[in-house]
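*Asks:* Read off the chains here:
Protein chains: 4
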Amino acid sequence: MKAKYDVGIIGGGIIGQSIAYQLAKENISVVVLEGNKVGAGATSAAAGMLGASSELENNDAFFQFAKESQQQYKTLRHDLTNLSQINIQYVDKGMYKLAFTEQEAYVLKTAMKEHHSLEWHSKQQVLAMEPNLSKEIVGGLYIPEDGHVSPKHVCAAFSKSASLLGAVIVENSPVHSIKKLGEEEYILFTNQSEYSCSHIVIANGVWSDYFFKQLDLEMKVKPVKGECLAVSSENISLEKTIFYDHCYIVPKGDGRLVVGATMVEDDWSTTPTVGGIQTLIEKITPILPAIKSAKLLETWAGLRPQTDDGKPYIGQHPNGENIYFATGHYRNGILLAPKTGTMVRDLILKRKLNEDYVKAFSITRNLAKAAR
Amino acid sequence: MKAKYDVGIIGGGIIGQSIAYQLAKENISVVVLEGNKVGAGATSAAAGMLGASSELENNDAFFQFAKESQQQYKTLRHDLTNLSQINIQYVDKGMYKLAFTEQEAYVLKTAMKEHHSLEWHSKQQVLAMEPNLSKEIVGGLYIPEDGHVSPKHVCAAFSKSASLLGAVIVENSPVHSIKKLGEEEYILFTNQSEYSCSHIVIANGVWSDYFFKQLDLEMKVKPVKGECLAVSSENISLEKTIFYDHCYIVPKGDGRLVVGATMVEDDWSTTPTVGGIQTLIEKITPILPAIKSAKLLETWAGLRPQTDDGKPYIGQHPNGENIYFATGHYRNGILLAPKTGTMVRDLILKRKLNEDYVKAFSITRNLAKAAR
Amino acid sequence: MKAKYDVGIIGGGIIGQSIAYQLAKENISVVVLEGNKVGAGATSAAAGMLGASSELENNDAFFQFAKESQQQYKTLRHDLTNLSQINIQYVDKGMYKLAFTEQEAYVLKTAMKEHHSLEWHSKQQVLAMEPNLSKEIVGGLYIPEDGHVSPKHVCAAFSKSASLLGAVIVENSPVHSIKKLGEEEYILFTNQSEYSCSHIVIANGVWSDYFFKQLDLEMKVKPVKGECLAVSSENISLEKTIFYDHCYIVPKGDGRLVVGATMVEDDWSTTPTVGGIQTLIEKITPILPAIKSAKLLETWAGLRPQTDDGKPYIGQHPNGENIYFATGHYRNGILLAPKTGTMVRDLILKRKLNEDYVKAFSITRNLAKAAR
Amino acid sequence: MKAKYDVGIIGGGIIGQSIAYQLAKENISVVVLEGNKVGAGATSAAAGMLGASSELENNDAFFQFAKESQQQYKTLRHDLTNLSQINIQYVDKGMYKLAFTEQEAYVLKTAMKEHHSLEWHSKQQVLAMEPNLSKEIVGGLYIPEDGHVSPKHVCAAFSKSASLLGAVIVENSPVHSIKKLGEEEYILFTNQSEYSCSHIVIANGVWSDYFFKQLDLEMKVKPVKGECLAVSSENISLEKTIFYDHCYIVPKGDGRLVVGATMVEDDWSTTPTVGGIQTLIEKITPILPAIKSAKLLETWAGLRPQTDDGKPYIGQHPNGENIYFATGHYRNGILLAPKTGTMVRDLILKRKLNEDYVKAFSITRNLAKAAR
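Residue numbers (my numbering), protein chains in the order written: chain A, 1 to 372; chain B, 1 to 372; chain C, 1 to 372; chain D, 1 to 372.
Hints listed in this document are in silico derivations from the structure and should not be mistaken for laboratory results.
Every value quoted in this text rests on a predicted model; they were computed, and no experiment measured them.
Virtual Cβ for every residue (Gly too), placed ideally from N, Cα, C.
Be careful, since some hints might not be right.
Said to hold, decoys possible - Which residues of chain B face chain A? A partial, calculated answer using Cβ under 8 angstroms:
#1 Tyr142
#2 Asn172
#3 Asn191
#4 Ser269
Claimed, not checked - Calculated Cβ distances over 10 angstroms to all of chain C for the following chain A residues:
#5 Ser159
#6 Ser163
#7 Glu234
To be verified - Under the rule of at most 20 angstroms between Cα atoms (straight-line distance), these lysine to aspartate or glutamate pairs were calculated in the EDC-like manner:
#8 D:Lys179 / D:Glu119
#9 C:Lys220 / C:Glu282
#10 C:Lys295 / B:Glu298
#11 D:Lys220 / D:Glu183
#12 B:Lys179 / A:Asp216
#13 C:Lys292 / B:Glu184
#14 B:Lys4 / B:Glu184
#15 D:Lys295 / A:Glu298
#16 A:Lys37 / C:Asp254
#17 B:Lys359 / B:Glu321
#18 A:Lys292 / D:Glu265
#19 D:Lys292 / A:Glu57
#20 A:Lys359 / A:Glu321
#21 B:Lys222 / B:Glu298
#22 A:Lys295 / D:Glu298
#23 D:Lys4 / D:Glu183
Whenever a hint applies, use it, and build me the whole structure from the sequences.
*Replies:* Laid out in structure tokens, this is it:
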């Protein structure tokens with residue numbers, strides 16, 4: 001005899017746990033099936049930047065969604081701590097996107113037109129604030145809202161909160177297949193057991209590609225491996241996240257500076273390579289020269305789930321199956337986790353949705369485009 | 001387009017890698033698909049005892065198979081080091097099975113009738129050899145052949161040797177399903193890719209239960225969780241493995257004493273619990289009292305794959321499919337890995353087999369029994 | 001040629017770093033000489049309880065000092081984060097001291113007379129708040145002010161803040177001897193170098209006993225080893241620190257429950273023993289029965305510096321040397337670090353001091369008593 | 001009342017433990033006082049090459065001493081395992097010193113004249129043996145005797161063997177000063193206790209410089225920090241140690257390739273820096289190009305104790321004090337540990353010594369030279 005749940009979530013990373021938390025709060029019965037340990041995949045590898053303005057370039061639906069998600073962290077940080085006693089390590093000191101040439105400065109400044117909170121800081125202003133940065137900069141775009149969190153603490157806080165609200169979290173339990181028994185009855189098959197669920201959410205990042213194939217859908221999620229390192233130094237003062245040329249330095253609240261990340265396509269390994277770490281050091285040293293004498297503490301790697309257009313798939317199965325997708329968050333999984341959680345909750349509960357978001361993240365959006 | 005292999009092995013633990021090594025040596029093209037990291041499951045959790053006489057009680061086919069496997073380690077240790085440069089940490093100092101009552105001594109002594117290398121040592125003899133053991137013992141059965149290896153080094157040596165001989169080892173790649181295309185053509189589906197193979201070997205321990213179900217076979221493999229701890233002490237002298245009441249203390253070549261193991265059924269967690277470690281300490285302290293002041297170095301847990309009768313399934317699919325099983329090795333996976341490797345190789349290559357072993361490990365043996 | 005400093009601090013744990021921070025803020029030149037890594041000793045081993053009311057039984061100078069120190073954390077948490085970007089993980093959810101018998105309840109209730117913020121909660125009230133506690137309790141004393149911090153984060157935040165304010169922090173640098181050259185000139189000898197300092201502060205916990213001897217003082221600081229363990233569980237809800245019979249469970253903001261601690265005298269080892277961990281499990285299980293099935297994450301040990309009467313030595317050398325002591329904080333080093341920092345600063349700067357504190361922590365107090 | 005010992009050894013690294021083992025074997029009562037954990041300093045950081053021919057360039061007393069020490073490992077490996085059950089991981093597959101230019105080849109070939117076991121291998125021969133090496137080499141000097149061991153296992157085996165033979169090993173116990181009480185009576189002062197010893201051996205590597213100063217001797221031992229990294233790869237086949245331009249790659253028996261080492265003077269930090277690891281990667285990649293895609297497993301650093309002329313100080317105090325030195329082994333501590341152990345034993349027991357060695361390692365040799 002199988003256990004029965006309203007919703008079965010495949011994937012216990014930050015996305016799956018955010019959804020589980022939002023559903024458990026509504027008294028929906030939920031099971032989360034995680035193939036490894038909770039948060040052990042892309043979640044733990046992420047630096048935790050909440051880079052709505054820094055990562056996204058257009059003022060489109062994706063950007064609006066990201067801003068709302070960023071905003072949600074402000075209440076979540078309290079709600080999650082109250083329930084789970086876990087502190088998500090929210091830091092809101094902002095970010096600098098640096099320019100080393102006038103051309104780069106010009107491009108950054110154009111972003112200010114659309115986003116009114118952004119400020120241009122001259123070289124002198126930037127160095128007054130962050131004296132350890134390279135003297136070669138010409139200035140920096142200051143983005144006050146782009147803070148950071150600790151991804152594994154956020155994920156653990158979602159997970160424990162969901163669990164205390166009644167959700168069942170199962171580790172070491174990869175889902176092998178989904179079988180439809182009836183209108184609102186699916187079976188999730190794992191090595192350990194079978195789970196009967198009225199609704200299914202596929203939220204397992206790079207591993208979700210397999211289910212697209214199994215469900216005969218043409219979408220793809222591909223891994224883009226990112227390698228990172230962490231350093232510390234008693235002599236480097238750094239308050240704000242620094243961003244330049246796809247690399248970043250995040251001053252975490254535990255004293256580590258997290259540096260990332262490489263972009264390696266079609267590599268499923270989760271261990272950094274010698275060459276990857278070398279590349280990262282070469283890119284970061286010109287930005288923060290003092291880092292050369294910082295203590296190298298650790299190195300690691302993770303797999304970002306990338307879709308064809310770099311935006312996540314958040315939506316229902318195209319032919320109305322009670323199967324939902326929340327995957328492909330690429331570089332933005334931590335940022336987008338809160339809003340993804342509430343959007344999937346609303347999809348399942350048939351609540352009113354922002355149609356711009358539905359369209360922007362529809363899993364068939366690229367097919368439509370391809371057909372045109 | 002899929003890659004094509006003669007043999008696809010599901011599971012990159014010590015069993016799968018032993019098979020891969022034996023096949024690669026015969027120039028068979030092999031792919032090993034491991035869901036996590038090579039050797040990360042039951043293999044790494046094992047203490048590595050080669051306890052043919054100590055674990056098995058009858059002089060039957062199972063015991064003969066175990067003795068042959070134990071014997072194979074004597075040549076493997078050299079072959080694997082020569083090829084892979086990895087030292088499997090073979091130690092052949094023997095084992096004591098202790099008796100604390102005359103009744104226990106009587107039972108142990110009866111084992112000597114069938115196994116001529118065994119010796120009964122009096123309390124004085126045992127304590128002369130192992131002065132830190134409890135003074136409460138009445139004697140011990142000395143088993144000279146039962147040495148130990150380092151399971152993760154054996155697995156790494158098999159894996160690297162197989163790889164250098166041409167086998168392809170893929171990590172982070174759980175197999176989700178097996179599809180038959182033709183007489184000698186199966187597809188293995190993973191998240192990452194699809195692999196076309198003429199023969200399939202299912203060797204993924206507790207996770208293989210899923211394939212029995214998928215293939216509509218009635219066999220079962222269930223996890224029995226075992227918790228362990230490692231200690232060290234400059235003052236405890238221990239040369240031989242000590243065994244009593246399902247617990248053991250193995251003096252490893254790196255100076256650690258490995259203590260195991262609890263037996264917890266139907267628990268898929270791979271983290272030790274507070275209660276499990278407490279039980280282990282309570283059981284082991286009366287055997288080696290000085291352990292109370294030893295340094296506690298680490299604790300861990302693993303899942304032993306148990307079949308209905310405690311013997312492994314090694315054999316072909318009952319209706320002649322080119323699907324082979326090598327799973328369910330329970331407490332004896334390290335001991336049995338070498339002989340399992342050669343037996344599966346011989347099965348696939350249609351070489352002459354010992355019929356006693358074929359029967360003893362046939363996957364249908366229990367069905368037959370049940371039907372009788 | 002030696003470097004010259006106003007103050008040389010021996011010991012880079014939480015006490016030494018708190019003093020360094022307070023002095024550096026006043027533009028005093030400081031060198032901190034740490035024998036190992038910053039915070040690697042008793043600091044890192046501590047659970048971080050700020051147990052003024054829970055640890056101290058009388059409403060005396062010691063208690064007042066502890067309360068002031070506890071209070072200082074409320075501003076320090078902001079000041080330190082602003083300067084160092086390190087979050088000290090301050091949690092202010094309070095503590096329960098449990099009673100399992102009416103006699104224990106009676107003793108706890110008497111404490112309420114002197115401390116007006118304390119509240120007695122009945123069994124029902126306690127279990128309503130903390131449902132996973134033992135049903136055998138008869139009630140609990142609720143202490144709202146006794147929160148907790150992360151000791152290694154506090155120490156790192158003091159150290160980095162001091163460093164950014166100009167203090168010099170030297171690791172791997174045990175001080176071997178102090179030599180007086182003149183009225184305000186001492187040399188600190190280390191393996192690496194010599195440091196000329198006008199004032200010396202001895203703040204190296206259990207290691208400071210050596211300097212008492214070297215300076216021909218009769219005070220003593222002895223180690224009392226404490227062993228701890230950390231667990232986690234998705235099913236245990238615990239908001240407040242729990243205290244009973246010298247054992248505690250602290251729900252840390254990273255999801256771990258830290259359990260401590262044994263008390264082993266005259267043992268300088270910093271590794272937990274098998275027997276110590278067993279004792280701890282046996283004591284804690286009746287308090288929080290669900291802990292038996294919690295995941296055991298790690299075990300460790302540290303050395304508390306204990307004086308003859310259990311109170312710290314904070315004060316100047318008895319014959320007016322410019323040598324100061326800040327050691328012997330026993331179970332209360334984390335709690336007392338802030339106030340110790342400001343008191344030593346005031347001692348060195350000849351500022352007005354609370355005479356009750358000067359007397360209570362004078363290094364000659366016990367001699368006086370002994371002579372009486 | 002103080003404990004009394006024939007010999008007090010300051011330093012529990014591989015040198016101190018080798019001496020302790022040799023003395024304990026002769027029934028001499030020994031105490032080893034280690035400031036941290038046994039083997040935690042330079043010992044653990046070393047790669048363990050036994051590079052007599054590869055590291056030393058002249059056929060002088062130093063070289064003869066090194067060859068004898070290398071030879072001693074052949075019996076020690078068995079003796080230590082029999083006593084302690086610890087396997088020192090001895091590997092005797094030899095070493096290649098590579099040449100990338102004809103000039104380098106010429107220099108290497110000249111070494112063959114004096115050392116008859118050396119062989120010159122052409123580019124083709126080297127690549128046939130080690131196919132993953134750079135195709136840019138012009139050949140290699142093959143040194144069959146230069147194997148390797150695991151330094152921390154050697155140290156642990158010496159320590160446990162000495163302990164089982166009666167030596168007392170005290171951790172967490174830095175010695176602060178030596179006081180002479182009489183002809184054969186010294187007191188060693190530590191934080192924990194005082195130890196009365198008839199003879200003193202100073203064997204604490206970079207930390208021994210302090211005692212030269214305290215004893216008014218003019219010798220110096222300076223740290224030269226070395227940073228290392230370890231990698232693994234299923235695809236890199238490497239049997240022999242590779243050496244080029246002060247860098248090496250050692251294929252350890254656990255499957256790791258250990259790569260070292262930088263040379264940083266006057267740096268007492270034991271954590272690798274970002275810049276140091278970058279340098280190491282840049283130097284090693286041209287030698288073994290495939291290493292770029294190897295998994296980076298860990299990085300670390302240690303402090304080699306360097307004397308003025310790069311040779312160790314092994315000998316008695318110049319004015320006949322019963323104080324002995326065994327320090328300053330620089331890059332060769334692992335190689336020289338066995339012979340240093342027997343030489344110091346013979347010094348203390350007034351046995352016949354090789355006068356060439358006495359002169360070569362005399363602590364006053366450089367003074368004599370300076371005076372000339």
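*Asks:* May I ask which of the numbered hints given earlier this structure violates, with the numbers listed in increasing order?
*Replies:* 1, 5, 6, 7, 8, 9, 11, 13, 19, 21
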